[in-house]
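Please model the entire structure based on the sequences and the hints provided.
Using this note's numbering, read the sequence shown as starting at 2 and increasing by one per residue.
Keep in mind that the hints were calculated from the coordinates and are not lab data. Keep in mind that the hints are not guaranteed to be accurate.
[To be verified] Under the rule of at most 20 Å between Cα atoms (straight-line distance), these lysine-lysine pairs were calculated in the PhoX-like manner:
hint: 1; residue 1: K127; residue 2: K113
hint: 2; residue 1: K346; residue 2: K308
hint: 3; residue 1: K308; residue 2: K272
hint: 4; residue 1: K113; residue 2: K161
hint: 5; residue 1: K376; residue 2: K308
hint: 6; residue 1: K272; residue 2: K324
hint: 7; residue 1: K338; residue 2: K376
hint: 8; residue 1: K346; residue 2: K397
hint: 9; residue 1: K310; residue 2: K338
hint: 10; residue 1: K376; residue 2: K324
hint: 11; residue 1: K376; residue 2: K399
hint: 12; residue 1: K338; residue 2: K272
hint: 13; residue 1: K399; residue 2: K346
hint: 14; residue 1: K346; residue 2: K324
hint: 15; residue 1: K113; residue 2: K133
hint: 16; residue 1: K346; residue 2: K376
hint: 17; residue 1: K324; residue 2: K308
hint: 18; residue 1: K84; residue 2: K113
[Said to hold, decoys possible] Derived DEER-like restraints, expressed as beta-carbon distance ranges:
hint: 19; residue 1: V274; residue 2: Q236; range: 14 to 24 Å
hint: 20; residue 1: G270; residue 2: I295; range: 34 to 44 Å
hint: 21; residue 1: A26; residue 2: G159; range: 49 to 59 Å
hint: 22; residue 1: A118; residue 2: D379; range: 51 to 61 Å
hint: 23; residue 1: G226; residue 2: T323; range: 51 to 61 Å
hint: 24; residue 1: G202; residue 2: S342; range: 16 to 26 Å
hint: 25; residue 1: V192; residue 2: D139; range: 45 to 55 Å
On a predicted model such as this, the values are computed, not experimentally measured, just so you know. Don't be surprised by glycine CBs; every beta carbon is placed ideally from N, CA and C.
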Amino acid sequence: MKTIRSVAPRALALAAALVASQAQAVDFDGYFRAGPGATSKDAARACYNLGISGGHYRLGNECDFYGEFGLTQTGTTEGVAWKGKVMFSEYNNGTDVGDSASSFAQMYVEGKGFDIAPGTNFWIGKRFYGRKDVHILDTFFVRLDGVGAGADQIAIGGAKLGLAYFSSDSFAGFGDPGNGASTNPGNRFNVDVTEIPVNPGGQLRVTGTFTQGRYDNPTDGKGTGGFGLSLQHTQDIASLGGGNTLWLQYAQGSAGLDGNFGTRNAESGVKKVRLVESVTWQLGAFGGQAVALIGQQGEDTINGTPKFKELSIGGRASYALTKNFKLVSELGYMQKKPDGSDTQKLTKFTFAPTLATGPGFWNRPELRLYVTTAKWNDAANAASGIGGLTGLGNGKTKGTSYGAQAEIWF
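Structure representation (structure tokens):
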């Protein structure tokens, strides 16, 4: 695996060159979270989830360091508005900052105003694309990221159309999975219709996904086709000071529910469906976000995954005692029922006194102290392997973690 020691110097050199050449025109943006943590009895830090799409309630429950740092250059040349972006990311699954995986998460150029289609935005490169998440789960329920090319902001009535092609190559002696390379290459095409007006304050988004796995080595499995469809409705709710997002998503074969690739060698008949609803609010000093999810996936015989059903419900609430001091808590319940096995269950609760730049739920940076307690059943331990759900291997079905964390986006 490439480490931060080998990749970071190149990233920093590139950043320095860009800033030195046009210091006034380069924008810097980023995100990171970091902080120490431990469990009771001085064991290594532990996190609590069932590995389902809506099963990671993140407050006081992140055992990693993560950061992404971007440089953006914009300009207008003879009527064409263009942008070039480079983003460097760093990840560590523990607290040892000396062993971090790093990569260029984004490198792309886009432009709008070309005479053949002045209102259309064209782009080529590696990028985050079309993302829509539920923050408290750290899950993007639409995530079209990848290496590709496309055109978007194409006006169709009162809506906008985006078309994009993505390709994922086998690393075949170059790179490694830790830096985003894949042993299962494939092709993907997305059709994304956004900003469809359907009701006052409400918009519909329809995203279609078409995938094809392809393999150089027959032992990797047969390349399979896939199809996915995501319906997303967003609603502004002024009385809550926030809004609501509802997703209904279907995918089969090598397509993922989020509009990206799924399991690329999954048989074409493997079907998945998911319904998600999320609401956010800010009522004076009281803010928060809540989510509910149900889903089902069919049996995947090639990869040995049984048919299963999943459920998740929870929320995070913050209450500002002063302008800069909030009490934040998060409660989440999740369960997973594989065919032929017992239902896995997990409940997690976190309490976090928090310093922030403002009283709102979304104000960042935040500096948190936290205590997390969780309880799960024997089925959750058994499904997680010999180390159990926490990886500590102590056979327990409850645990407590504590620590401190900083989170910022800018």
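Exercise for the section: With a cut-off of 20 Å on the C-alpha distance, tell me whether K338 and K272 pass. Expected result: 16 Å, holds
Open item on the list: Need the status of pair K84, K113: alpha-carbon distance at most 20 Å?
Closed with: Answer holds: K84 to K113 is near 9 Å, not above 20 Å.
* To do: Could you tell me whether the CB distance from V274 to Q236 stays inside 14 to 24 Å?
  => 22 Å, holds
- Query: Keeping to a limit of 20 Å between CA atoms, is the pair of K324 and K308 held or broken?
  - Reply: 49 Å, violated
* Taking 34 to 44 Å as the hint, is the beta-carbon distance of G270 and I295 inside that range? -> About 22 Å separates the Cβ atoms of G270 and I295, which means 34 to 44 Å is violated.
- Item | A26 paired with G159, Cβ distance criterion 49 to 59 Å | 35 Å, violated
### Query
Is it true that the CA of K346 sits at most 20 Å from the CA of K308?
With Cα atoms ~17 Å apart, K346 and K308 stay inside 20 Å; holds.
Inset, instruction - Evaluate the given range 16 to 26 Å for the C-beta pair formed by G202 and S342. - result: 44 Å, violated
Next item on the list: Verify the proposed pairing of K376 with K308, using a straight-line Cα cut of 20 Å.
Entry: With a Cα-Cα distance of about 25 Å, the restraint between K376 and K308 is violated, given a limit of 20 Å.
**Q.** Given hint K324 paired with K346 - CA-CA distance at most 20 Å
**A.** 38 Å, violated
Do the Cβ positions of V192 and D139 conform to the proposed distance bound of 45 to 55 Å? Since the Cβ atoms of V192 and D139 sit about 27 Å apart, the hinted range of 45 to 55 Å is violated.
Exercise. Taken at face value, is the distance from the CA of K324 to the CA of K272 at most 20 Å?
Worked result: 48 Å, violated
In summary, the structure is inconsistent with hints 5, 6, 10, 14, 15, 17, 20, 21, 24, 25 from the numbered list given earlier, while agreeing with the others.
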